[in-house]
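Participant: Here are the chains, one letter per residue:
Protein chains: 2
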Amino acid sequence: MEGYTRQLARFAVHSRPGDVPSEIRHEGTRALVNWIGLPINACRHDTTERAIAAFAEFSGPRQASLLGRSEKLDIFKAAFINCIASCIADYDDTHLATVIHPTGPVASTILALAEHRKIAGSDFLHALILGVEAQCRLARALAVAPAKCDAAWFLTGITGGIGAAIAAARLLGLNEQQMVWAIGAAAARASGTRETHGTMGKNLVPAWTAEEGLQSAFLARQDFTTSDTILEGPRGLGHLYTREANFPALIAGLGEHWELTQNAYKPFPSGIVTHGAITGALEIAQEWRPDPGAIRRVELEVHPWCLHLTGWREPRTALEATFSVYHWVAVALIERRIGIRQFSDTCVADPLVVALRDRVEARPNEAFTRDEAMVRVRLSDGRLLERHVAHALGSSERPMDDAALSAKLHDLADGVIGECAAGLLAERCWNIERTPDASVIVAAACGGGEG
Amino acid sequence: MEGYTRQLARFAVHSRPGDVPSEIRHEGTRALVNWIGLPINACRHDTTERAIAAFAEFSGPRQASLLGRSEKLDIFKAAFINCIASCIADYDDTHLATVIHPTGPVASTILALAEHRKIAGSDFLHALILGVEAQCRLARALAVAPAKCDAAWFLTGITGGIGAAIAAARLLGLNEQQMVWAIGAAAARASGTRETHGTMGKNLVPAWTAEEGLQSAFLARQDFTTSDTILEGPRGLGHLYTREANFPALIAGLGEHWELTQNAYKPFPSGIVTHGAITGALEIAQEWRPDPGAIRRVELEVHPWCLHLTGWREPRTALEATFSVYHWVAVALIERRIGIRQFSDTCVADPLVVALRDRVEARPNEAFTRDEAMVRVRLSDGRLLERHVAHALGSSERPMDDAALSAKLHDLADGVIGECAAGLLAERCWNIERTPDASVIVAAACGGGEG
Numbered sequence: 001m002e003g004y005t006r007q008l009a010r011f012a013v014h015s016r017p018g019d020v021p022s023e024i025r026h027e028g029t030r031a032l033v034n035w036i037g038l039p040i041n042a043c044r045h046d047t048t049e050r051a052i053a054a055f056a057e058f059s060g061p062r063q064a065s066l067l068g069r070s071e072k073l074d075i076f077k078a079a080f081i082n083c084i085a086s087c088i089a090d091y092d093d094t095h096l097a098t099v100i101h102p103t104g105p106v107a108s109t110i111l112a113l114a115e116h117r118k119i120a121g122s123d124f125l126h127a128l129i130l131g132v133e134a135q136c137r138l139a140r141a142l143a144v145a146p147a148k149c150d151a152a153w154f155l156t157g158i159t160g161g162i163g164a165a166i167a168a169a170r171l172l173g174l175n176e177q178q179m180v181w182a183i184g185a186a187a188a189r190a191s192g193t194r195e196t197h198g199t200m201g202k203n204l205v206p207a208w209t210a211e212e213g214l215q216s217a218f219l220a221r222q223d224f225t226t227s228d229t230i231l232e233g234p235r236g237l238g239h240l241y242t243r244e245a246n247f248p249a250l251i252a253g254l255g256e257h258w259e260l261t262q263n264a265y266k267p268f269p270s271g272i273v274t275h276g277a278i279t280g281a282l283e284i285a286q287e288w289r290p291d292p293g294a295i296r297r298v299e300l301e302v303h304p305w306c307l308h309l310t311g312w313r314e315p316r317t318a319l320e321a322t323f324s325v326y327h328w329v330a331v332a333l334i335e336r337r338i339g340i341r342q343f344s345d346t347c348v349a350d351p352l353v354v355a356l357r358d359r360v361e362a363r364p365n366e367a368f369t370r371d372e373a374m375v376r377v378r379l380s381d382g383r384l385l386e387r388h389v390a391h392a393l394g395s396s397e398r399p400m401d402d403a404a405l406s407a408k409l410h411d412l413a414d415g416v417i418g419e420c421a422a423g424l425l426a427e428r429c430w431n432i433e434r435t436p437d438a439s440v441i442v443a444a445a446c447g448g449g450e451g
Numbered sequence: 001m002e003g004y005t006r007q008l009a010r011f012a013v014h015s016r017p018g019d020v021p022s023e024i025r026h027e028g029t030r031a032l033v034n035w036i037g038l039p040i041n042a043c044r045h046d047t048t049e050r051a052i053a054a055f056a057e058f059s060g061p062r063q064a065s066l067l068g069r070s071e072k073l074d075i076f077k078a079a080f081i082n083c084i085a086s087c088i089a090d091y092d093d094t095h096l097a098t099v100i101h102p103t104g105p106v107a108s109t110i111l112a113l114a115e116h117r118k119i120a121g122s123d124f125l126h127a128l129i130l131g132v133e134a135q136c137r138l139a140r141a142l143a144v145a146p147a148k149c150d151a152a153w154f155l156t157g158i159t160g161g162i163g164a165a166i167a168a169a170r171l172l173g174l175n176e177q178q179m180v181w182a183i184g185a186a187a188a189r190a191s192g193t194r195e196t197h198g199t200m201g202k203n204l205v206p207a208w209t210a211e212e213g214l215q216s217a218f219l220a221r222q223d224f225t226t227s228d229t230i231l232e233g234p235r236g237l238g239h240l241y242t243r244e245a246n247f248p249a250l251i252a253g254l255g256e257h258w259e260l261t262q263n264a265y266k267p268f269p270s271g272i273v274t275h276g277a278i279t280g281a282l283e284i285a286q287e288w289r290p291d292p293g294a295i296r297r298v299e300l301e302v303h304p305w306c307l308h309l310t311g312w313r314e315p316r317t318a319l320e321a322t323f324s325v326y327h328w329v330a331v332a333l334i335e336r337r338i339g340i341r342q343f344s345d346t347c348v349a350d351p352l353v354v355a356l357r358d359r360v361e362a363r364p365n366e367a368f369t370r371d372e373a374m375v376r377v378r379l380s381d382g383r384l385l386e387r388h389v390a391h392a393l394g395s396s397e398r399p400m401d402d403a404a405l406s407a408k409l410h411d412l413a414d415g416v417i418g419e420c421a422a423g424l425l426a427e428r429c430w431n432i433e434r435t436p437d438a439s440v441i442v443a444a445a446c447g448g449g450e451g
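Chains as they are written, first to last, in our numbering: chain H, 1 to 451; chain R, 1 to 451.
Calculated from the structure, these hints are not laboratory results.
For every residue, glycine included, the Cβ atom is placed at its ideal position computed from N, Cα and C.
Take these hints with a grain of salt, some might be off.
[Said to hold, decoys possible] Partner residues aside, some chain R positions facing chain H, computed with beta carbon under 10 angstroms:
hint : residue
1    : Ile52
2    : Gly60
3    : Gly201
4    : Gln215
5    : Arg235
6    : His239
7    : Thr242
8    : Arg243
9    : Trp312
10   : Arg398
11   : Met400
[As the list claims (entries may be wrong)] If you want a taste of the chain R side facing chain H, the calculated C-beta under 7 angstroms gives, among others:
hint : residue
12   : Gly157
13   : Thr193
14   : Met200
15   : Thr317
Let the sequences and hints guide you as you build the complete structure.
Facilitator: What follows is the structure, encoded as structure tokens:
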């Protein structure tokens, strides 16, 4: 039987845009609309600024834009910067079964490429879909069951470069063997640790996957050889990262079943595993509007991963607060809505937020699904406000609709490029399939209208 | 107690060149002399050419030389290219206890930096020593025992970037916190798989560590934050890569005991675990000069890792032959000497070599040390030529002396830059501590004399 790596590569080389069902193409478009506001919003975040300051003097030909800004960098560094910016608020997408965030590495990579060579919108979307699909399937194969995929690995760092490489290789027109090598190169150092969480460094993990993925495609184009069996080989990713990989899941029903449909868009800028509890807190806040000062205690029951990944008690910055379910539940109860404005150091230091956060308690419930939560708000007058959340807002079961995604884009981008440009950007993303030149997305994302 | 990452960082920041004993400084110089010929020799290898072809058009300011060539690239890409070239022949150095190859990522990185800013030779050597020392100690901490460090991990990929980052951070004058962050950034995606072995992709693993390590230092200089506990934290490298890390070994006796002394220089261009068998075969060939055609069978006993890592039966290229102990034992018996000329696809395809290779058998001996070997050559006339090798040539017990390292440099570089330039290069390397500007090394390595 042919190797799994080669089967994946063959699919990626031979799939045609028209082979992808229209509802999947629409889902890919939704992934783009969900993501595109993020690098714009964070284009002047300290994380982004410091990375640009570190690298700009070493940039090659300034062909590729930094979304939301006027500068350009070489395509590798632009992919890196746009990806790093897009990850900062933890507000991107999540393949819930594996907790990877697949769009960032791929979209950053192919947007940079779209300024290097002319790419039709339909090909751009197709490459995005292939790169995201490959990542979700690979993550499935590696994360057979939660117990087998230690939560200390930052799985996006393992899969991201491979998705980026596949998308870029596709757009560079590589043949099947070159596609295998592109995957092999991108997987050579595929990894990532969650020890970086809560720091700027967390965002390095996906950002370097974008850069290395793009480089991998250019290497493969030169027939730079690497392993033909980097995924399934005896020393490949399956062996390294699992006790037993499920590679049949990598290739089963390719082109028929789309794992992309299991990719969820975040309504809140925080770790996905907080979303069940946030949903419950928001619903309680909106229904009963309790006075935060009158809340004696908040009790949460959550999936164990919620505390494992986002159990930080005393976050000091917005970067850290991403990993604090206590913080976000307090914010939800106080603000009664959550958007990008709540992702700020000011909000994290707000005495009202801190005081309520300290009154939030949580315990794991092994029987819960990952986005399930029970939220109990006990008031000083003895009343109990209670909400069981079977599925979080933004989950596959309660997805953000197209209008909500457009609203998210505006929430993220209006303050940077203006409402008009953000509207144009949304329109161009929704119409990506029909544009002859995908770089018009970039032009709009930088606040201009010219393609 | 302070974290291990911070203790390592503090040492790297506060150590002064004069604190390092002269014999250790000499050992660092030997590491440089051993290594410097490698990127020169391989500067036009297909692997190098294809990587340059992939990346040159995206280069930033062309400040840093590609050793052996006339072109320059930006410092990140030059570090990448020089490191990748230096790894191709598997002829660099090896910390035998952990089988990492520490000099490549560090030397490539700081040579590029030496063309970006003026660096005194003594500081250059000091940074090299700190970067190599950190890697060897980290590898010790992670590879507690062979059983705990699965040989599928390419440990150089885990440690290389950290060594490169420490060396570069030192030369950029970073403070202690920035040094911690530089380590944290370089470790964020630290990894590598040996599934790449036998292909050009094997060399991507160390090459990317050089580039990311250098980038990590520049990020940290901008106060780009990352974990303070990337090594010992609950989701750090110790947790990810070992069942139980030995972090005390990382910091015990820093500045007093030097793990650098356990770094061995290779006399043969092949995987280090083949060297015991090659030594035995060479000694038999040189002592008894058997006619290769009269050799009926060759029987090897070797450490299990020799077969695990270099047990390839039918290598097709020099890149693959690196991992074939059968091939190299045959070459040793036929050629009676081994140098860089034997690292060639022609040699691998030589019918005489192939025929003898197919008559070599090997079995693991659990009781052997890693560089121990028993070689038995059975001749058609019934004679048995036998040699037990307690320690391989090039091991810590039978190290290459300074003259042998100079000869290796000439063997590698004469054919590319000429004997005269190679001699000048050797002289400058041996005198590195006394030069006010380390970039004179680069000038000589590119065939010029001007610093």
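Participant: Are the hints correct? Go through all of them and say.
Facilitator: Here's how the hints hold up against the structure:
no. : hint   : verdict
1   : Ile52  : holds (9 angstroms)
2   : Gly60  : holds (4 angstroms)
3   : Gly201 : holds (3 angstroms)
4   : Gln215 : holds (7 angstroms)
5   : Arg235 : holds (4 angstroms)
6   : His239 : holds (6 angstroms)
7   : Thr242 : violated (12 angstroms)
8   : Arg243 : violated (12 angstroms)
9   : Trp312 : violated (13 angstroms)
10  : Arg398 : violated (30 angstroms)
11  : Met400 : violated (30 angstroms)
12  : Gly157 : holds (6 angstroms)
13  : Thr193 : holds (6 angstroms)
14  : Met200 : holds (5 angstroms)
15  : Thr317 : violated (9 angstroms)
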